[in-house]
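Can you build the whole structure from these sequences, using the hints too?
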Amino acid sequence: MTQLTCGQARPLLEPYVDGSLDGETAAAVRSHLAGCADCRNQHLEAVSIPARLRALTAPEPPSDLLPSVMAAVARVRRPRFAWGPLILEIGLCALIAWYLSGLAGLSALFSYTSGELSDVVGWGLGTTQLPAAPSLDLLLVLACLALVTVTGYHLALIIGATSEPSGRRAGQG
Amino acid sequence: MVSLRAAALRAARGDGGGAVRLPPIELARLAGGGDREAFEELVRGYQRRVYGFAYQYVRDAGEAQDVTQEIFVHLYRNLRRYDAARPFEPWFWRLATNVCLNYVRRRVPEPRELPDSGDAGGDPADLPGESALARALGELDRAYRLPLILHYHLDMSLQQVAQTMGLSVAAVKSRMHRGRAVLRRTLSEEAG
Amino acid sequence: MTARWRWPALLVALVVLALLLCWLDASLFERTVLPGSRRILTRGDGLPRPAGFPPRGLGGTPFGPFPETISGALFSLGWFAATALGLVALAAAMLVAFPARARLVVDRLDSLTVAGTALVAGLATVLLLFAFSFLLRLTIVLLPLAGALSILAALGALFGIACLALWLAGQARLRIGPAHPLLIALTALVAFADLALIPFAGLFLLGLLAVTGLGLTVLTRFGSPRGWAMDELDW
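Protein chains in written order, with the working numbering: chain A, 1 to 173; chain B, 1 to 192; chain C, 1 to 235.
Note that these hints are calculated values from the structure, not bench results.
Don't be surprised by glycine CBs; every beta carbon is placed ideally from N, CA and C.
Wrong hints could be hidden among the right ones.
[As the list claims (entries may be wrong)] Beyond 10 Å from chain B on every Cβ pair, some chain C residues (computed):
| id | residue |
| --- | --- |
| 1 | ALA13 |
| 2 | LEU74 |
| 3 | TRP79 |
| 4 | ALA100 |
| 5 | LEU104 |
| 6 | SER111 |
| 7 | GLY207 |
[As the list claims (entries may be wrong)] Taking beta-carbon pairs under 10 Å as the criterion, some of the chain B residues facing chain C (in silico):
| id | residue |
| --- | --- |
| 8 | ARG77 |
| 9 | ASN78 |
| 10 | ARG80 |
| 11 | ARG81 |
| 12 | ALA84 |
| 13 | VAL99 |
| 14 | LEU101 |
| 15 | GLN159 |
| 16 | GLN160 |
| 17 | GLY166 |
| 18 | LEU167 |
| 19 | LYS173 |
| 20 | SER174 |
Dropping the structure here:
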């Protein structure tokens, strides 16, 4: 039978306690325990730990737990898609595009959706050439400002509706 | 929804006049359909174990209440996604584990203060002998702590622990052995 | 097949599928037989063109305009494969760089409703960026900011796509079995690249993914632990 050192035997104590070692290894552990007082103490500790873990107590849940859970649940709003403002936004976007390119341009835009969508995005983001548009046009600026406002508000709505309810207890902390 | 609730109540009172409880899986199905009473029943049935689990995880009575509440709110939001063909317990504890994990992760680390500066209401884990183990468990790496709490504190079978953690039974066993070995070392170092 | 080899096998299968799709894409573009591409090629078809919309290439590839100057089936194949690989590599790099944040985003992504909300948020963000960049361009001085914003949005979308892949990976993991998390996420990313490589539809699918990803990033404040709550300012 192989002789185990303390360093080899100790990691085997837990499987040994559970009886999940094969016969030969278990015998080796047993013979090591017979000759090593330190490891015997460790073995005693290992034997006691499962029972002590089972016996760990937690305090009783506070009596207001159930009401507070139900109150928190009542506050939960199911997240919504919030499509509504998108209609306004897309309308504004179309208005800007139409103003810049004329109705004919707009129809061209829709007939070549796959090719032109990237152009429009690139144009808005500054990677494509700007169409012949007045450099400072009040109506255009206003339309863009309106679009920024509406989309910003829309995002705020969505973020507000999906943010997690605070886990802090009311009136404490 | 009304018919579901009525059916549930009828089933619950079928024999024994309200003493018979619906199994959790049935409650979960009803609650997923929007039945608040079924959800309340579910919370009532699980609050003790969930609170105990949260307490073992965060080691603070007040925070345990926060976590418990968060777990149930999370459950409420996700019940609709629960597939009643699968066992409820592993699904539920997996969800509870994730909530705990997130809670601990976003918790602002507070400086350790005097032991009695927290809740004055007597901490059972501070009993001599017990506290060392509880403290050691609280300091254990979560990969080892979780299976120990699930198996020993919540009395889940190894199979259920494995399902909850998405591991094989062998992996769970090996983690529990290593976790217990760390606990043993910590305890004997403290004692010696 | 043992559980150990399932994920690598799936990954290899998806990579092979991606190569086949690249080949399909390349041959389609080489012959330009599809109605859409032919129409775009023959642009002088009577419709008035707005100034500033230069007819650029074939369009319709998910990875931007296809280079016109160099042609040849082999080159096209390589171009598709390289761009798809770039997408996968960049998104995987996001996961490696921000693992904890990605994990938090995936935790928030607990139902399809959240994904739908993220899509709406993404659309709103794109429109917001569009209008805001335009305003920035009009000021001329702040023009560079528009470019910076678009780079930021691209990074956000990339992070979001990576998170969506991680979420998909988590769902698949329950069915297929455990493996190294990066391997699983990589497999999901390759699956996304496959989607993007589907001829013509790929453009829209990738756009959808990118917009949803951007929305997800915005909704979760780049996966910050407390979302948009400003509690931390109040101490």
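Here is how each hint holds up against the structure:
1. The Cβ of ALA13(C) lies farther than 10 Å from every Cβ of chain B, with a closest approach of about 23 Å, so its non-interface assignment holds.
2. Consistency note on LEU74(C): stated as away from chain B, and its beta-carbon is indeed over 10 Å from all of that chain's, at 44 Å minimum.
3. No beta-carbon of chain B comes within 10 Å of the beta-carbon of TRP79(C); the shortest separation is about 39 Å.
4. The beta carbon of ALA100(C) is not kept farther than 10 Å from every beta carbon of chain B, the shortest such distance being approximately 7 Å.
5. A Cβ of chain B approaches the Cβ of LEU104(C) within 10 Å, the least distance being about 7 Å, so the stated non-interface status is violated.
6. With a least CB separation of 6 Å from chain B, SER111(C) falls inside the 10 Å interface cut-off, contrary to its annotation.
7. The beta carbon of GLY207(C) is kept farther than 10 Å from every beta carbon of chain B, the shortest such distance being approximately 27 Å.
8. For the restraint placing ARG77(B) at the interface with chain C, the shortest Cβ-Cβ distance is roughly 7 Å, inside the 10 Å limit, so the hint holds.
9. At its closest, the beta carbon of ASN78(B) sits 6 Å from a beta carbon of chain C; the interface hint therefore holds under the 10 Å criterion.
10. Among the interface hints, the one on ARG80(B) holds; its C-beta lies about 7 Å from the nearest C-beta in chain C, closer than the 10 Å criterion.
11. Below 10 Å, beta-carbon pairs count as interface contacts, and ARG81(B) has one with chain C at about 6 Å; its hint therefore holds.
12. At a threshold of 10 Å, the smallest CB-CB gap from ALA84(B) to chain C is about 16 Å, leaving the interface hint violated.
13. Annotation: VAL99(B) was flagged as interfacial toward chain C, and the flag holds, the nearest CB pair being 9 Å apart, inside 10 Å.
14. For LEU101(B), the shortest C-beta to C-beta distance to chain C is roughly 8 Å, which falls under 10 Å, so the interface hint holds.
15. A least Cβ separation of about 16 Å between GLN159(B) and chain C goes past the 10 Å threshold, and the interface hint is therefore violated.
16. The interface hint given for GLN160(B) is broken, as the beta carbon of that residue sits about 15 Å from the closest beta carbon of chain C, more than 10 Å.
17. Interface restraint check: GLY166(B) against chain C, minimum CB-CB distance 6 Å, threshold 10 Å, status holds.
18. The restraint placing LEU167(B) at the interface with chain C holds, with a minimum CB-CB distance near 7 Å, inside the 10 Å limit.
19. Given hint, LYS173(B) at the interface with chain C, is violated; its Cβ is 15 Å from that chain's nearest Cβ, farther than 10 Å.
20. Violation of the interface hint for SER174(B) is found here, the shortest Cβ-Cβ separation to chain C being roughly 14 Å, above the 10 Å cut-off.
Of the hints listed earlier, those the structure fails to meet are numbers 4, 5, 6, 12, 15, 16, 19 and 20, in rising order.
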